[in-house]
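Asks: If you read the sequences in order, they're chains A and B. Per the numbering used here, the first sequence starts with residue 1, numbered consecutively. Per the numbering used here, the second sequence starts with residue 1001, numbered consecutively.
These aren't lab readings, by the way, just hints derived from the structure by calculation. Nothing here was measured: the structure is a model prediction, and the numbers come from that model. Wrong hints could be hidden among the right ones.
No farther apart than 27 Å at their CA atoms in a straight line, the calculated lysine-lysine pairs in the DSSO-like style are these [what the hints assert, rightly or not]:
no.: 1; chain 1: B; residue 1: K1018; chain 2: A; residue 2: K57
no.: 2; chain 1: A; residue 1: K39; chain 2: B; residue 2: K1039
no.: 3; chain 1: A; residue 1: K115; chain 2: B; residue 2: K1294
Looking from chain A toward chain B, a few residues come up when the C-beta cut is under 10 Å (computed) [claimed, not checked]:
no.: 4; residue: G44
no.: 5; residue: Y329
no.: 6; residue: P330
A virtual CB, placed ideally from N, CA and C, is assigned to each residue, including glycine.
There are 2 protein chains.
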Amino acid sequence: MGDPKGSLQENYSSLMGKARELFILQSMGSIIGWDMETKMPPKGIQQRSQQIGLLQKIGHRMIVDPEIGRLIEAITGNKDYDSLDRIKKRNVHLMKKDYDEETKLPEKLVVETAKQSAITVDIWKKAKVAKDWEMFKPDLEKLFELRVKAADILMDVKGAKTRYDALIDLFEPGMTAEIITEVFTGMRRGLVKTIGDIQGAPRKADPSILSKSVPVATQVKIGESLSELIGYDVTSPEAGGRIDETEHPFTAGYYDDVRITTHYYEDKFASSVFSVLHEGGHAIYEQNLPRDWKYQLVGTGCSMGIHESQSRFVENIFGRNPEFWSHYYPILCELTGGALAGLALDDFVLAINHVEPSKIRIEADEVTYGLHIIIRFEIERDLFAGKIGIDELPQAWNDKYKEYLGVEIQNDSEGVMQDTHWADGAFGYFPSYALGNIYGGQMLEKMAGDIPDYKEKISGGSFAEMRAWLVENVHKYGNLYDAADLIKVVTGDDLRIEPFLNYLDDKYSNLYGY
Amino acid sequence: MGDPKGSLQENYSSLMGKARELFILQSMGSIIGWDMETKMPPKGIQQRSQQIGLLQKIGHRMIVDPEIGRLIEAITGNKDYDSLDRIKKRNVHLMKKDYDEETKLPEKLVVETAKQSAITVDIWKKAKVAKDWEMFKPDLEKLFELRVKAADILMDVKGAKTRYDALIDLFEPGMTAEIITEVFTGMRRGLVKTIGDIQGAPRKADPSILSKSVPVATQVKIGESLSELIGYDVTSPEAGGRIDETEHPFTAGYYDDVRITTHYYEDKFASSVFSVLHEGGHAIYEQNLPRDWKYQLVGTGCSMGIHESQSRFVENIFGRNPEFWSHYYPILCELTGGALAGLALDDFVLAINHVEPSKIRIEADEVTYGLHIIIRFEIERDLFAGKIGIDELPQAWNDKYKEYLGVEIQNDSEGVMQDTHWADGAFGYFPSYALGNIYGGQMLEKMAGDIPDYKEKISGGSFAEMRAWLVENVHKYGNLYDAADLIKVVTGDDLRIEPFLNYLDDKYSNLYGY
Chain A
1 MGDPKGSLQE
11 NYSSLMGKAR
21 ELFILQSMGS
31 IIGWDMETKM
41 PPKGIQQRSQ
51 QIGLLQKIGH
61 RMIVDPEIGR
71 LIEAITGNKD
81 YDSLDRIKKR
91 NVHLMKKDYD
101 EETKLPEKLV
111 VETAKQSAIT
121 VDIWKKAKVA
131 KDWEMFKPDL
141 EKLFELRVKA
151 ADILMDVKGA
161 KTRYDALIDL
171 FEPGMTAEII
181 TEVFTGMRRG
191 LVKTIGDIQG
201 APRKADPSIL
211 SKSVPVATQV
221 KIGESLSELI
231 GYDVTSPEAG
241 GRIDETEHPF
251 TAGYYDDVRI
261 TTHYYEDKFA
271 SSVFSVLHEG
281 GHAIYEQNLP
291 RDWKYQLVGT
301 GCSMGIHESQ
311 SRFVENIFGR
321 NPEFWSHYYP
331 ILCELTGGAL
341 AGLALDDFVL
351 AINHVEPSKI
361 RIEADEVTYG
371 LHIIIRFEIE
381 RDLFAGKIGI
391 DELPQAWNDK
401 YKEYLGVEIQ
411 NDSEGVMQDT
421 HWADGAFGYF
431 PSYALGNIYG
441 GQMLEKMAGD
451 IPDYKEKISG
461 GSFAEMRAWL
471 VENVHKYGNL
481 YDAADLIKVV
491 TGDDLRIEPF
501 LNYLDDKYSN
511 LYGY
Chain B
1001 MGDPKGSLQE
1011 NYSSLMGKAR
1021 ELFILQSMGS
1031 IIGWDMETKM
1041 PPKGIQQRSQ
1051 QIGLLQKIGH
1061 RMIVDPEIGR
1071 LIEAITGNKD
1081 YDSLDRIKKR
1091 NVHLMKKDYD
1101 EETKLPEKLV
1111 VETAKQSAIT
1121 VDIWKKAKVA
1131 KDWEMFKPDL
1141 EKLFELRVKA
1151 ADILMDVKGA
1161 KTRYDALIDL
1171 FEPGMTAEII
1181 TEVFTGMRRG
1191 LVKTIGDIQG
1201 APRKADPSIL
1211 SKSVPVATQV
1221 KIGESLSELI
1231 GYDVTSPEAG
1241 GRIDETEHPF
1251 TAGYYDDVRI
1261 TTHYYEDKFA
1271 SSVFSVLHEG
1281 GHAIYEQNLP
1291 RDWKYQLVGT
1301 GCSMGIHESQ
1311 SRFVENIFGR
1321 NPEFWSHYYP
1331 ILCELTGGAL
1341 AGLALDDFVL
1351 AINHVEPSKI
1361 RIEADEVTYG
1371 LHIIIRFEIE
1381 RDLFAGKIGI
1391 DELPQAWNDK
1401 YKEYLGVEIQ
1411 NDSEGVMQDT
1421 HWADGAFGYF
1431 PSYALGNIYG
1441 GQMLEKMAGD
1451 IPDYKEKISG
1461 GSFAEMRAWL
1471 VENVHKYGNL
1481 YDAADLIKVV
1491 TGDDLRIEPF
1501 LNYLDDKYSN
1511 LYGY
C-alpha cells in the first residue's frame, strides 16, 4: 500500500468510493433495524442481534481502513487542495471527522461500551417496571464511566473544551454547553411566561374530548391522507415510503426508501395523527436531500437538532396550526364517518394544543416540552462537570421538576428513569430536541418573510409552498454546514430563541384569548 | 500472516468463526431479499440492488479470504486430522468446496455473469410479454457461453465428468446426469402409465368447482390455521415465522426467523392453501435443523432436491391426501363461512388432485409435473453436450412437449420462455424439483414402515407424527451427507423411482377408481 500515488482527483474519488460503500451498508442496516421493530417474528431476536453486531463490525472495519487515513492525508496535504470546491472539501472534512472518531477510540472501549449499553438498557427496562432506582444505578454508573473515558478521548479529537461538549458534538456538531446554556436560559424564561399566560387565560382546553373511538383501519387511512398532503408518498406505484405500526414511532431509511412508523390507539386517534406528521417531517427531509449527493457525506441530514426542526415544523407549526384544521377538520370528520360527531372544530383545535406541565417528556406539549429538555441538559452538564454524582440524579431530577414544571415526581419510573437515552449511553443527545424547536422558530420567521401569505396557504390546506421553502432553504444543503452555520445561511442570524417564543406567544394568545 | 500456527482445534475454531460470519451475513441477506419482494416501497429498487451487490461483494471477500485456504490446508494436513469427528470433517469438507468454487472462478467471470444474468432476466421479461424468442436469444446465448466457461472450471474443481454434471452439482451435490437419466427414464414410463390410467378412469375431476370466491382475509386465516397444523408457528408470541403475499411464493430465512409467502387469488383459494403447505414444508425443514449446528455448514439444508422433497411431502403427500381432507374439510368450510356451500368433500378432493397434461410447469399437478422436468433436463443435458444449440431450443422444446405431454405449444412464451431459470443462468437447477418427488416417495415408503398407522394419523388431522419422523430422519442430519448418501442413511436404499410411482398408483387408483 504506502502513500496513495494518485492525483488529487483520483484520491478524492477513491475516498468517495469508500464513503459510498459505507452509506450502502448503513442504508441496509436501517432496513434490518426497521424489520426488527416491525415485521420480525419474535423468535428471531437473537439471530437479529448477531446480524446487527456483524453489520457494525463490518462498518467499523470499513471506516478504520488505514487506506482512508492515507487518502485523507494525501488529499489535504496536496498542494492543489484549495482547488477543490466546498462540497468536496466538506466531504473530506466529514470523512476525516468520522475516521478520527472511530480510529481514536480504542476498540476495547467501543466493544465494552456496546456491551454495557445492552446490559444497562435491559436492566433499565426491569428497573423501570419495578420502580427501583437502586437496581438500575450500578450499571448506569459503569456506563457513565465508559462514556467519560470516551469523552476524554473525543475532547482531544474534536478540540472540545469539556467532556460534555465532546459528547454534544456527536449529535449536534459544533454546538457547546455554553451556547446551549445561554439560549436555554432565555427559553426557560419565555416558556414559563407563556405557560403562566395560558393558565390564566379565559379559554380552557379539554383534551378528554379526543378520546372518541376511531378504528385502526380508519386511522391508517387518515395517516395515508396526511402523508399525501405533506408530500410523503406511501401509496402510489412510485412510492418511496410506507407506514407501519410500532410501540414507539420512528423514521428509518435513505433517500428512495424512507419508512415511518406510528402507533394506533383506538381511543387516542390524535396520537397517530401527530406521529405521522412528525415522522413524515423527518422522512421528507431525508427524501429531499440533493440527489447528486447520494452516497456522499454531504448528502445526509445536518444534525439531530436540524432533523428535529423538520419533524416539529410539520407536526407543530403546520400540523397543530388552527388554520390547517379549518381546512382539514371536515376531511377528518368525513374519513372517520361520524365518529367525531358533536366535536366542534374550535374545541378540537384547543384540545390538540392543550398545554399543561406534566411529568413525562414524550407526552409533553410543544410549550412545556422545552422545560423537560432543560432539566435533562442541566443534569447532564453538571454530571460530566463532576458537580453531581450518579447517586444524586434522582434528587436533582425531582427538585428540578418541582422547580421548573411545578410537578411532584412520585417515583423514579416517572422521574429519572423515564427515558431510555442514558441507559443507552446517549448522553448529550437531549439538547437536540429543544434545539429543533428553536431552529424551527427561526426558519418560520424567515419563511414568513419569504411567503407573507403562508397562513392563507395553510388555511387552504396546502403544504406545498412550505415544503418547497424547506427543500430550497434547508434540505438542499444536506450536511454542507454544521447546524450553527446552516441557521446563519438560512436566516442570516445566529441561534436565537426569540422567533420560537414569538411563534408560541402569537399562536397561543390567539388560541386561548389572553 | 503465513501458516496458521494454532493447534488442530484452534484452526478448526478459527475456520468455524469465519463460517459463522458468512452465515450471519447470508441470514441478513435473506431478510433484505424478502423485504425487496414484500415490503419495499417501489422507488427503493435501485438502492436495494446496490445493497444486494455490496452484500455479495462482502460475502465474496469473506469466502475468498486466503486465511480460509491456509486454515483448511493446516487442518486437512494435520497429522491428527483423522481424530476430528465426522461433523467437523464435514464442515471442513463443505467449507473447502465453497472456498474452491469461489476462488477458482475468476472474479471477472463472476461479475460478467452476474451482469449478464441481470440483463438476460430483464430481456426475458420483455420477450415473454412480446412472445418474441429472437429478442431473448442473443442474450441467452451470451449467458450460456459464460456458464460454459464456468462449467469448464468447475469440472476441474469438482472432478465432474461433464460440464453439465459440474452445474448440477451446484444444486444437487454428487448427483450426475447419468444417474438422473436412468431414474428419469423409469419415472417417465411410470408417469405416462399413471396419466393413461387416470384418463381412462371412470371418475373425472372438475377443477372449475374450486373457483368459488373466498375473501383474502379468510384465506389469511386458512393459511394461519394450516401453518399451525403443520407446526410452523406464525401467530404465537414465540413465533419464528410469518406469512406475507408476493406474486410468486417463496421461503426465506434461517432457523429462528423463516418466512414464507403466498399469493391470494379471491377466485382460486386452493392456490394459497397449497402454497402455504409447500412453503411451510420448506420452512419447517429450516427451523428444525439441529440447533447445535447453527452457523455451521452442516447446519443447512442438504440439497435443493432434499429441500423440495420436504415441501412436496407437506404439500402433496400430506396436504393433498384424501384422508387429511376428511378431517380438515369441515374446518375449511367453517373458516370460509358458507362460501363452499354445495361443494361435496369427494368432489373437492378430486378437484385438488386433478391430473391433466398441460403446458405450464408451475401449474402442473403432481403426476404430470415430472414430465415437465424431464423435458428441461434432457434439453439442458443435450445443450451442454453440444448436441443441440441455443437456436434449436424452441423446436426441441415444442417437439418434446408434443411427444411427452401430448400438448401443442402455440408460442414461445408458453413454451421455451415460460421459466426464469435459464434467463437467470441457473442451468442444472431443474432436475432437483423432480428429484424432490422421488426422494419424497422413498421417505414415505420408509415412514410407512416406521409408522404403519400413518394414514389414520392423517385422517385424524394430525401431522405431528409425520413431522417428528421427518425431523428425526431427515432434518436432524442437516447437510451432514450429500443427498444420495442421505437417502441411503434414511431408507437404506439408493435413489429409486418405484416408491414414488407406487405412491402415485396407490393414491390415484383409489381416487379415480381405476
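Asks: Look at each hint and say if it fits the structure.
Replies: Hints versus structure:
For the given pair, B:K1018 sits about 13 Å from A:K57 by alpha-carbon distance, which is consistent with the 27 Å threshold. For the given pair, A:K39 sits about 10 Å from B:K1039 by alpha-carbon distance, which is consistent with the 27 Å threshold. Restraint check for A:K115 and B:K1294: the C-alpha separation of about 23 Å stays at or below 27 Å, so the hint holds. Using the Cβ-Cβ criterion of 10 Å, the hint placing A:G44 at the interface with chain B is satisfied: the shortest such distance is roughly 3 Å.
Given the 10 Å rule on beta carbons, the hint for A:Y329 is violated: about 29 Å separates it from the nearest Cβ of chain B. Evaluation of the A:P330 hint against chain B yields a violated restraint, the C-beta minimum of about 30 Å exceeding 10 Å.
Taken one by one, the earlier hints fail for this structure at numbers 5 and 6, listed in ascending order.
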